[in-house]
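Student: Keeping the supplied structure of chain A fixed, place chain B upon it in accordance with the hints.
Here's the letter readout for the chains.
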Amino acid sequence: MNLNDLRGRSAIVGVGTAGCGEAHGFNDIEILALAAKAAVEDAGLKMSDIDGLCTASLGSALWPLNVVEYLNLRPSFVEGTNIGGSAFVAQLLPAMLALEAGQCKHVLVCYGSTQRTDPTPRRARSEARDMLDPYPFEAPYQPFNPPSSYALMAARHMYQYGTTERQLAEVAVAARRWAQLNPEAFARGPLSIEEVLAARKISDPFSIYDCCLVTDGAGAFVMTRAGRARELPHKPVYILGAASAAWHRQVSGMHDLTVTPARESGQAAFAMARLAPKDIDVVQLYDAFTINTILFLEDLGFCKKGEGGAFVENGAIAPGGRLPVNTNGGGLSCVHPNMYGAFLVIEAVRQLRGGCGARQVEGARTALVHGNGGKAASSQSTAILASADAGVGFR
Amino acid sequence: MNHTMSAPAAGAQARYFQLLAQGRFLIQHCQDCGRYVFYPRQLCPHCASCALRFVEPKGTGTVYSSTVVRRKPDSGGDYDVSLIDLDEGIRMMSRVEGVAPGAVRIGMRVRARVALGGGQPMVVFDPCQEAQ
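Going down the list, the sequences are from chains A and B. Residue numbering for the first sequence follows our numbering, beginning at 1 and increasing consecutively. Residue numbering for the second sequence follows our numbering, beginning at 396 and increasing consecutively.
Keep in mind that the hints are not guaranteed to be accurate.
If the Cβ cut is set under 7 Å, some of the chain B residues that face chain A in the computed set are [said to hold, decoys possible]: (1) Thr-462; (2) Arg-465; (3) Leu-478; (4) Met-517; (5) Gln-524.
Over the 10 Å line for every Cβ pair with chain B, so calculated as not near, a few chain A residues [stated by the list, open to error]: (6) Leu-34; (7) Gln-115; (8) Tyr-161.
Quick caveat, the hints were computed from the structure, so don't treat them as lab data. For each residue, glycine too, the CB sits at the ideal point set by N, CA and C.
Chain A with its partners taken away, still in its complex shape:
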């Protein structure tokens, strides 16, 4: 079997979120379970129908076991590969293979974190992770990570291509304008380019508004084979392409700070989907930092390398712009509970189903979902989704 034969063979049939923003008094797995229940019910299924599990956590190395026990699952397919916040996009392809091979029938992909309201200080949790997984050749210089690693990419992009802080601010303001249309978004207050430019710096050229939110949140979705999907209540969202690429771990291990593995994952996902950037109606990019959106627009082929800054000018990716990007408000203004990947998929599915209210992209039939993982754009995962009425010729 050729991987590209998986095009359109499986679909997302249920989505759910819980505890987005602040979930005072709850822990990670409690809100994960609530999101999982919402997704399974949205799919018209029972928890006992779930026989495949994809999950990952920043805090627990054996997290799939936590979820198996808590939800009382007996999955014949377990996928816990963790390559960062993109994990839940990366897990699409192994789940598609497992569904196609008949290893399982209904896969639950789920994540939850209460990092914002957790009573254990974030610094203590971060230090515990660094102790178990040290960075001996970077830590002595005290980069404030992950912001500093992405700030180094932004600085290099500005040097090589003339990208400006104002262009980075355009990304932050576009995300905020989408968030203002989304009742579930966490940061919905007014925000201008001038405010972003005048804000307190964190790690130059980034100010606080160039960095994603720190929120709680859980997200889950359910996958099944295309034939089964058509028996379930919602309009299926088919997976036309999915691919990942991983090139390094640390920013000092990144070959060219202006090119990410999105170039490789994007090409593979588009090839499987037999589509090109011009065919995409709505785009969800993992905007951990403002430079990410610009890098991914370039690496995924929406514009040429070096032209991402100009591409986002004048509200081009904001509501009413030429390309709808991060229509939920993104990690910058909607939700970012450590790992954001599942929420990219959920927003794409909601847009392709329709019914997103004020932020609905009219006639959205194809979506690109792009996950970023690691401290330095280390891994990248791309998926192309479509509704049956997309007219792109799949079963």
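Tutor: Below, chain B without anything else, positioned relative to chain A:
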């Protein structure tokens, strides 16, 4: 490049930090493919050879990218974090000293120095006086 030594009976990382504690900054050179390697490894990342030797680099390099990490003055104030490309073709994270953090520029020529004072020894860089 006069100072070469064969790998002793310790992992590459431990050996690197032992040498650094003696005030010596050495990088690895692959005896098979001829390329330089940093950070220190057991295998050459280019050809998978185990024949890596610690050698003394020229010590000069170029700032590839740079950021100022903002910190309150009473916690020590702002500081530089840079990526330096050594002339041997390897890249490392470090700090440029001797100029204000915000005055570090991409493309600036710098020279390595082992800073031993206070805590763990580390390689830092100073702006170079050589012709650009």
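Student: So, for every hint listed, does it hold in this structure?
Tutor: So, going through the hints one by one against the coordinates:
1. With 7 Å as the threshold, the beta carbon of Thr-462 (chain B) comes within range of chain A, its nearest partner Cβ sitting at about 4 Å, so the hint holds.
2. About 5 Å separates the beta-carbon of Arg-465 (chain B) from the nearest beta-carbon of chain A, less than 7 Å, and the hint is met.
3. A least Cβ separation of about 6 Å between Leu-478 (chain B) and chain A falls short of the 7 Å threshold, and the interface hint therefore holds.
4. Using the Cβ-Cβ criterion of 7 Å, the hint placing Met-517 (chain B) at the interface with chain A is satisfied: the shortest such distance is roughly 5 Å.
5. Hint status for Gln-524 (chain B) relative to chain A: violated, with the closest Cβ pair at about 23 Å, above 7 Å.
6. Under the 10 Å C-beta cut-off, the non-interface status given to Leu-34 (chain A) relative to chain B holds; the minimum distance is some 38 Å.
7. With a minimum CB-CB distance of about 22 Å to chain B, Gln-115 (chain A) clears the 10 Å threshold, and the non-interface call stands.
8. Here Tyr-161 (chain A) stays apart from chain B, with its beta-carbon at least about 12 Å from theirs, past the 10 Å limit.
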